[in-house]
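Heads up: the protein sequence lines correspond to chains A and H, in order. Under the numbering used here, the first residue of the first sequence carries the number -19, and numbering increases by one thereafter. Under the numbering used here, the first residue of the second sequence carries the number 666, and numbering increases by one thereafter.
Do not take every clue at face value.
What the hints assert, rightly or not - Here are the simulated lysine to any residue pairs, SDA-like style, with alpha carbons at most 25 angstroms apart: (1) K85/A x V784/H; (2) K85/A x S717/H; (3) K85/A x G800/H; (4) K85/A x P720/H; (5) K85/A x D799/H; (6) K85/A x V951/H; (7) K85/A x L714/H; (8) K85/A x G818/H; (9) K976/H x V951/H; (10) K85/A x R61/A.
Stated by the list, open to error - With beta-carbon atoms standing in for the labels, derived distance ranges: (11) T972/H x D125/A: 42 to 48 angstroms; (12) G889/H x R87/A: 37 to 43 angstroms; (13) G938/H x Q9/A: 31 to 37 angstroms; (14) A839/H x L56/A: 37 to 43 angstroms.
It is worth saying that the hints were derived from the structure and are not from the lab. For clarity, every value in this text was computed on a predicted model and none was experimentally measured. Think of the CB as a built atom: it goes at the ideal place given N, C-alpha and C, for glycine as much as any other residue.
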Amino acid sequence: MASTVGPGAVAGPAPVELSSTAAAARDLQLAAAIRRGDAQAFETLYRAYHAALWRFAHLAVNSSAVAEELVQDVFLAVWQRRETWDVRESVRGWLYAAVRNRAIKHRRHAQLGERLVVDTTDEVPGLGEAPMDSHDAVEGGDLEDAINRALAAIPERRRVAMTLRWKHALSPAEIARVLQTTPESVRVLLSRARADLATLIGYVRSV
Amino acid sequence: MSSSDELSPELFERYLAGETTPRETAQVRRLFAEHPDVADALGAYVARLDPSGEPPDTDASWAVLRDRLAAAPRRPPVVRRLPTRPLRWALPIALAAAACLTVATMVTRRPTPTALPRVYTTTVGQRATLTLADGTAITIAPGSRLEVAADFGRERRDVRLDGEAYFAVAHDAARPFTVFAGTVTARDVGTAYVVRHYTDDGAVRVAVREGRVDMSGAGLLRAGDIASRSADGAMRVEHGADTDAMVSWTTGRLAYHDTPLADVRGDLRRWYGIDVAVRRAASDTVRFTGSLAGLPAHDAVALLAATLGLKATWQGSHAVLR
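The shape of chain A in the complex, shown without the other chains (with noise of 0.2 angstroms):
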């Protein structure tokens, strides 16, 4: 694979408008607003949570336009029940689960996908994980297969979990809120996340 990055071609992250606390007050702030019927803060939330709520929806549904009905209807759901809107600590926390929540159940209406379901009483949470070792780096060929293959066997919770995190810079508290789980557990699936990072690295510098 062709190696674009150089010396000053890495950046930092992506440098974001607010900083998360300010964020998360200034939607705290809306919400409230929009408790009062207030439209334009209405707008002003959606205008800054859709992108990155579509994106998400779309980890789940696969498809854009069900993607996209997702967040709109969480939005109206919203609007709709605005006076007893009961949204707090975090805003953003609250619409990445309310999405999320929408997205299981329409994947479970829709029978989209596949369906597994263990039978045995030893239950291993998270059902086996194929990581990527070296038997795979004989076996795969090149990086990109194993890259694929790592990503493929990432178990779902985790990779909402890793998505969360890097790409939508959720907190813990945020994402266990959205997994509908304990902080703890959210810091074990990271502490897996890394484990998966550390193979890569090794797996990179081995080839």
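Given the coordinates of chain A, assemble chain H onto it according to the supplied hints.
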């Protein structure tokens, strides 16, 4: 000059999460510059986590939502443009390479897919039933790995198997269903069949319960056919065979009919997590007929030993038959 210790996954992970100090950020940038292969790989890995293409234009999207709101009995919101939150996924590492990548599927290379291959694996003692979008039901044996092609269901239906699985294939004449097991393919022609190919023994076995299967190197197999391709490539087809023993594992009952001992030992390892060594000349070619249905590990090994006229001694999860 940096040592490989500096390529800390923990540091990179915090960098990806935007949690590095300015000093650490500079350090990461330097490391990327010094190790462009690592930067490329990380960039590709992260970029492909959530492949989705471009989101719909937010202005257009808002217009649609506004109309939907207007349809509800409330007054339409006032429209005024305000800055949006920049996208975070414009990550600076090796994006140009990631954008025009091809993704390896099992059959063809395609540009920027909308789906990734799905890999399902079972661990020791774990069985799973996978239902695919087309209605095909696959029962996966322990210690197995099944990969569903990224393009599954478009023009073909491909899966790759390392292990053992029972396929009840939903009929779709327009989209052939093919199991890739090592270098062997077993293509469904309206069927239910079991494929066994554990890479640790290199052999491939296909047993057909219903319908027909087109197997590379063996031709068209019918119900009651069992085709076995040994590790050295020799193919043997048995007709009118008892395929019940081949599929009883799908209900958790291990049954064997003239089965090489090596296969039985492999199953004991994958189903029970026990290692059985047999101290007897040419033991792996010995064939076993019998049922280990529902037996706990020790009893299963005892039965196996008795059938072979041997005695079993145990050390933890290791058994030796002599």
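Quick rundown of the hints versus the structure:
| no. | hint | in the structure |
| --- | --- | --- |
| 1 | K85/A x V784/H | 23 angstroms, holds |
| 2 | K85/A x S717/H | 20 angstroms, holds |
| 3 | K85/A x G800/H | 19 angstroms, holds |
| 4 | K85/A x P720/H | 22 angstroms, holds |
| 5 | K85/A x D799/H | 20 angstroms, holds |
| 6 | K85/A x V951/H | 52 angstroms, violated |
| 7 | K85/A x L714/H | 22 angstroms, holds |
| 8 | K85/A x G818/H | 22 angstroms, holds |
| 9 | K976/H x V951/H | 16 angstroms, holds |
| 10 | K85/A x R61/A | 20 angstroms, holds |
| 11 | T972/H x D125/A: 42 to 48 angstroms | 44 angstroms, holds |
| 12 | G889/H x R87/A: 37 to 43 angstroms | 39 angstroms, holds |
| 13 | G938/H x Q9/A: 31 to 37 angstroms | 57 angstroms, violated |
| 14 | A839/H x L56/A: 37 to 43 angstroms | 38 angstroms, holds |
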